[in-house]
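K.L.:
Produce the complete structure using the sequences and hints provided.
Line order of the protein sequences matches chains S and H. Quick note on my numbering: the first sequence kicks off at 35 and runs consecutively. Quick note on my numbering: the second sequence kicks off at 181 and runs consecutively.
Hints should not be assumed to be uniformly reliable.
[Claimed, not checked] Not the full set, but computed from the structure, chain H residues with beta-carbon under 10 Å of chain S:
#	residue
1	229
2	290
3	292
4	384
5	404
6	421
7	426
[Claimed, not checked] To be clear about the criterion: a stretch of chain S counts as covered by chain H if any three or more of its residues have a C-beta under 8 Å from a C-beta of chain H, and this derived list gives those stretches:
#	segment
8	42-50
9	100-109
[Stated by the list, open to error] Simulated restraints on C-beta separations:
#	chain 1	residue 1	chain 2	residue 2	range
10	S	99	H	371	56 to 66 Å
11	H	204	S	65	42 to 52 Å
12	H	356	S	106	41 to 51 Å
13	S	115	H	423	19 to 29 Å
It should be emphasised that the hints constitute simulated quantities derived from the structure, not laboratory data. Even for Gly, the Cβ is constructed at its ideal location relative to N, Cα and C.
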Amino acid sequence: MSLDGNTAGGLLAEVFAIDMTAAIGVCDHCGTRGPLAAAILYPGGPGDVLRCPACGGVLMRAARLDGRLVLEAQGVRMLEVRAG
Amino acid sequence: MSSATGATDVHRRLDWQVGTVTAKRRETPAACTLALDLPHWGGHLAGQHVDIRLTAEDGYQAQRSYSIASAPEQGALELTIERLADGEVSPYLVDDVREGDQLELRGPIGGWFTWQASDGGPLLLCAGGSGLVPLMAMLRHRAAAGAGTPTRLLVSARGAEDLLYAGELEELMDRDDRLAIHPTFTRHPPPGWMGYARRVDRAMLGEVAFDPALRPRCYVCGPTAFAEAVAELLVALGHDPALVKTERFGASGGGP
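P.N.:
Quick look at the structure:
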């Protein structure tokens, strides 16, 4: 089952203080630029995985460990958000 | 941190809160709408969703996202939920939840798949099954705001009994000549139905979608296969990919 980056909005709101579905990310694997809402979310397992809609490369991984949320974002070369 | 000033405040922390179900109504055999009273609700935009979290007695938690169906102008927050056969959360919400029950949720979530009357149009909405829910919030907001945005809704459902909000859609269209609604029934079209009776395809979108030169804002919501196919067809027809926004849900494959 796969969802999309819109669904990851709640999860990402636990880390970032602003809405991240509208944030623009650049995939480190293929250079595709687009809103996180358009990425593909694979929920469940040991953690949620957000993949690039163009190349399928991993953008971000989130896991819950002992009451902590760990976010790994090696696959995102750049993040651009609307300045508050 | 700035103070909480509502859905448009980008610096607003998202906390879990408890809401009370104030009304429940059946929409289709598989879907119902829950109205919720939320003491700490800061408002929302049409197209946003909430996360609902259920906790079992043994502490096991399950969490799902549900689109908001009500317009920001409406008093109560309303969610329309469709029962998924193998669902972990939706069967409970559709079949077991009663008025007066409390639910844990957080939101509103999502600032990308949203439309406000001030964004303008034309507005093209394409829904597959319960993908109609966030698009209905946009139609309700458009009506509540008195916006005359030229709008077309293409909605795919298996049969007439599966079409959400059928009565309200008809009312909205009857009193507004700038709103056109095109259902397509993919499995069981009603007897004598003269409209579309197939899955959304290029020819159908060519007829219903505005001329790409008008640069309509396109919102596509439905099962993954539906949303991807419709978005690709819109781009193939010449619509600017930057104006085509999708929201996908559920298991891939199948669909209405």
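K.L.:
Indicate, hint by hint, whether the structure satisfies it.
P.N.:
Tested hints:
For residue 229 (chain H), the interface hint holds, the least distance from its beta-carbon to any beta-carbon of chain S being 7 Å, beneath 10 Å. The beta carbon of residue 290 (chain H) is positioned within 10 Å of a beta carbon in chain S (closest approach about 5 Å), and the interface hint is therefore held. Nearest Cβ of chain S to the Cβ of residue 292 (chain H): about 4 Å, under the 10 Å cut. The hint holds. For residue 384 (chain H), the shortest C-beta to C-beta distance to chain S is roughly 24 Å, which exceeds 10 Å, and the interface hint is violated.
The beta carbon of residue 404 (chain H) is positioned within 10 Å of a beta carbon in chain S (closest approach about 6 Å), and the interface hint is therefore held. For residue 421 (chain H), the interface hint holds, since its Cβ comes within 10 Å of a Cβ in chain S; the closest pair sits about 9 Å apart. About 7 Å separates the beta-carbon of residue 426 (chain H) from the nearest beta-carbon of chain S, less than 10 Å, and the hint is met. A count of 4 residues in the segment 42-50 of chain S with a Cβ less than 8 Å from any Cβ of chain H is obtained; the coverage claim is therefore met, three being the minimum.
Counting residues of the segment 100-109 of chain S whose beta-carbon sits less than 8 Å from any beta-carbon of chain H gives 0, not enough to reach three: the coverage restraint is violated. Checking the proposed 56 to 66 Å range against residue 99 (chain S) and residue 371 (chain H) shows it holds: the Cβ atoms sit about 57 Å from each other. The supplied range of 42 to 52 Å is met by residue 204 (chain H) and residue 65 (chain S), whose beta-carbon atoms lie about 48 Å from each other. The supplied range of 41 to 51 Å is met by residue 356 (chain H) and residue 106 (chain S), whose beta-carbon atoms lie about 49 Å from each other.
The supplied range of 19 to 29 Å is met by residue 115 (chain S) and residue 423 (chain H), whose beta-carbon atoms lie about 21 Å from each other.
When each numbered hint is compared with the structure, violations occur for hints 4 and 9.
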